[in-house]
Amino acid sequence: MPFNRKHLLGLEELFADEITTILDTADQFKEISERAIKKVPALRGKTIANLFYEPSTRTRISFELAEKRLSADTVSFSKATSSVVKGESLRDTVENIQAMKVDMVVMRHGSSGAHRFLANFLDASIVNAGDGQHEHPTQALLDMMTLRQRWRTLEGKHVTIIGDIMHSRVARSNIWGLTKMGAKVTVCGPSTMMPAEVEKLGDGGVTIEYDIRKAIAEADAINILRIQLERQKARLFPSMREYFEMFGVTPDVLEAAPKDCIVMHPGPMNRGVEISQEVADGDRAVILEQVTNGVAVRMAVLFLVAGGTFDAGTEP
Amino acid sequence: MIDWKDKREFWIAGAKIADPEAERLRVGSVCVQKGRITEIVWQKSVETDLPVLDAERFVLAPGFIDPHAHLREPGYEEKETIETGSAAAAAGGYTAVVCMANTNPVIDDPSVVEYIACRAQQVGKCRIFITGALTKGLQGEIISEYYHLKRAGIVALSDDGRWVTNSQVMRSALEYAGLHKLPVISHCEDGFLTQGAQMNEGYTSTRLGLKGAPAAAEEIAVSRDLMLAQLTGSRLHVAHVSTAGAVELIRRAKKKGIPVTAEATPHHLTLEDSLLESYSTNLKVNPPLRGKKDIEAVRAGLLDGTIDCVATDHAPHTEIDKDVEFDEAPPGMIGLETSFAQLHTELVAKGALDLLELVKRMTAKPAETLGLPGGRLKKDDPADLVLIDPEEEWTLDKRLIRSRSKNTPLIGAKFVGRVQGVFFEGRWQSAILAGEP
Chain S
1 MPFNRKHLLG LEELFADEIT TILDTADQFK EISERAIKKV PALRGKTIAN LFYEPSTRTR
61 ISFELAEKRL SADTVSFSKA TSSVVKGESL RDTVENIQAM KVDMVVMRHG SSGAHRFLAN
121 FLDASIVNAG DGQHEHPTQA LLDMMTLRQR WRTLEGKHVT IIGDIMHSRV ARSNIWGLTK
181 MGAKVTVCGP STMMPAEVEK LGDGGVTIEY DIRKAIAEAD AINILRIQLE RQKARLFPSM
241 REYFEMFGVT PDVLEAAPKD CIVMHPGPMN RGVEISQEVA DGDRAVILEQ VTNGVAVRMA
301 VLFLVAGGTF DAGTEP
Chain G
1 MIDWKDKREF WIAGAKIADP EAERLRVGSV CVQKGRITEI VWQKSVETDL PVLDAERFVL
61 APGFIDPHAH LREPGYEEKE TIETGSAAAA AGGYTAVVCM ANTNPVIDDP SVVEYIACRA
121 QQVGKCRIFI TGALTKGLQG EIISEYYHLK RAGIVALSDD GRWVTNSQVM RSALEYAGLH
181 KLPVISHCED GFLTQGAQMN EGYTSTRLGL KGAPAAAEEI AVSRDLMLAQ LTGSRLHVAH
241 VSTAGAVELI RRAKKKGIPV TAEATPHHLT LEDSLLESYS TNLKVNPPLR GKKDIEAVRA
301 GLLDGTIDCV ATDHAPHTEI DKDVEFDEAP PGMIGLETSF AQLHTELVAK GALDLLELVK
361 RMTAKPAETL GLPGGRLKKD DPADLVLIDP EEEWTLDKRL IRSRSKNTPL IGAKFVGRVQ
421 GVFFEGRWQS AILAGEP
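For the protein sequence lines, the chains are S and G, in the order given. For the first sequence, position 170 (counting from the first letter as 1) is numbered 170 according to our numbering, and the numbering increases by one without interruption. For the second sequence, position 311 (counting from the first letter as 1) is numbered 311 according to our numbering, and the numbering increases by one without interruption.
Treat the hints loosely; a few may be bogus.
[Claimed, not checked] In the DSSO-like style, the derived pairs of lysine-lysine whose C-alpha atoms are separated by at most 27 Å in a straight line are:
1) S:K86 - S:K6
2) G:K211 - S:K79
3) G:K379 - G:K44
4) G:K292 - S:K200
5) G:K322 - S:K79
6) S:K86 - G:K292
7) S:K6 - G:K44
Everything labelled a hint here was simulated from the structure, so no lab data went into it.
Given only the sequences and the hints, what does the whole structure look like? Please build it.
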């Protein structure tokens, strides 16, 4: 199925076929990063602006590498060194950047819906690199790519997401992506960080389970979310040690999961809080594989949003 | 479009008259002279030498009274002024508006009351009633000088936009307001539960990744204020009721005889939180738009009288204020120009409420609730009247909006039933601009 969207705003609005197209494209792009000369001319002449209104290491570098490997011209921006600190509005900033004839905007922003807001008036394509607590579509896509490599299919598989579901854009995008692809999702975390009516997301494909051992008993994969210190300040849980005791993933907890269950984490990790040292570095962890796949997924997204298609038999 | 602005003495003949004290609409004619109603006759035509406005197509009612609007002057004239707010009110069928105290400076001093009263007089398009701040600077700590404020002309007290968190302060405020026979309008919201909230808590807030305000935040605040109204015996008016639980609490309080009244806004009576999936900042209001069950409960409350009256909570904000990320936008939408049409379209045209009852909830009831003059059809009263075409179908065009701000989600919405204009003290103010179809 061709991918005809101008933007990638989130996974909620995508159809399963479109997700498959992205993942298939990413599979083909992955090989480019293994070459001695890691570059193809697919986006030669295209200009991409990376706007990061929130701190990011992985996602930002991953997007920049993806752009460079597709031969796009890129400029990057971070909030601290821009006119944002002088009080320039998001709309003005982005319209000014567009006036310099940018084809695509990759943005991370702390406000949910910021990309939808831009899409109202921007001609350039918009790729969502994370909006507030709403969506982080490329993260969920790289998670799905990693899972699909392991199992060939997502249909009928079971993924348990553990942690702060309420404030997590990774959780939301994964729920929509996975359920569209026929997987089941269990969410697990403190009740204070479980959003209202979360079980209604993803057409009934979501189950809530507060007991971590029960939550992972039938999991094919566990996706562990980063727990943020400010949630403790907001009194959503009493202490890091209590969180670790109840929801931290340790070798002992993993005993409750099937033998071939893999462990994912979107990063950055708090070792010793949501994930123990042994699990983070253990042989079930596919955390660095996720990072490697991230570049391929972002190459695929940029390529498809720019209007690229594969002709049968031609190499990208 | 009716061009009647030069006429000072005339008959409005053959209109369907919506008298809030009557049981049903009745055809009649009204004579206006020197800004007052000088005669009401229950016949279709009149023998007279005065000019006659043939109003057979129209419903004639007392001018609407809005118990809750933000006119922004002084201090936020870029959003609205008394002049533009009065024009918006007249275009929406209102001849009287109660303005809230969150101006800059706050209406906690007689000089601000006098300033607003003076500006309202100069503009002369609408009667402006003034709310004084319940506490100094709306800070919720020290009660304002109710005696001085009342002497300057306020009709009610409110810290609207904020709830008085300290129960002792609220108790004193109610007791002291009782002494001065001023109703206290409470914006019921437990601010700890709504810190950072952007919308109603529920499925849609989870979907959109926006922090939700639970219904309990409103209901906790309503509960406490009802108990303090019972304790003090003072008059409490609950502003913009939006949840099923709040409606039920007020219903039970009224049964117990607690001196409470309540209002609901057109948006809380008609618009669902699921609309926010567009992330349109014009749908961001406080209290937030709620779910279907809450809307049904607020409607039921309006029908059974638990909710006494309709209030717009007209809250203008500029495009600069609103054209930002969702969580950066201030809450509020304008409502003066669309409230009647919206409720007529959604409630009256769909058979949930009859037109006369809607008129009552926008005239006699708000007047009774806050102890204001007007809201009735009486010989010798000021000729504050609204003329409505209940059949006219129209679409809200942004260019027609008289308010200085255009922050409404209803631009492009289709309505049935349209205010043609008002007579304010007998002077015609058309709601329809020249050249408009």
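Consistency of the hints with the structure:
1. Taking the CA atoms of S:K86 and S:K6, the gap is about 31 Å. The hint is violated against a cut of 27 Å.
2. This hinted pair checks out: G:K211 and S:K79 have alpha carbons roughly 23 Å apart, not beyond 27 Å.
3. At roughly 18 Å between alpha-carbon atoms, G:K379 and G:K44 fall within 27 Å of each other, so this suggested pair holds.
4. A hinted pair counts as satisfied when its Cα atoms are at most 27 Å apart, and G:K292 with S:K200 qualifies at roughly 16 Å.
5. A C-alpha spacing of about 21 Å is found between G:K322 and S:K79, which places the hinted pair at or below 27 Å, so the restraint holds.
6. A hinted pair counts as satisfied when its Cα atoms are at most 27 Å apart, and S:K86 with G:K292 does not qualify at roughly 42 Å.
7. Simply put, S:K6 and G:K44 have alpha-carbon atoms about 62 Å apart, too far for the 27 Å limit, and the pair is violated.
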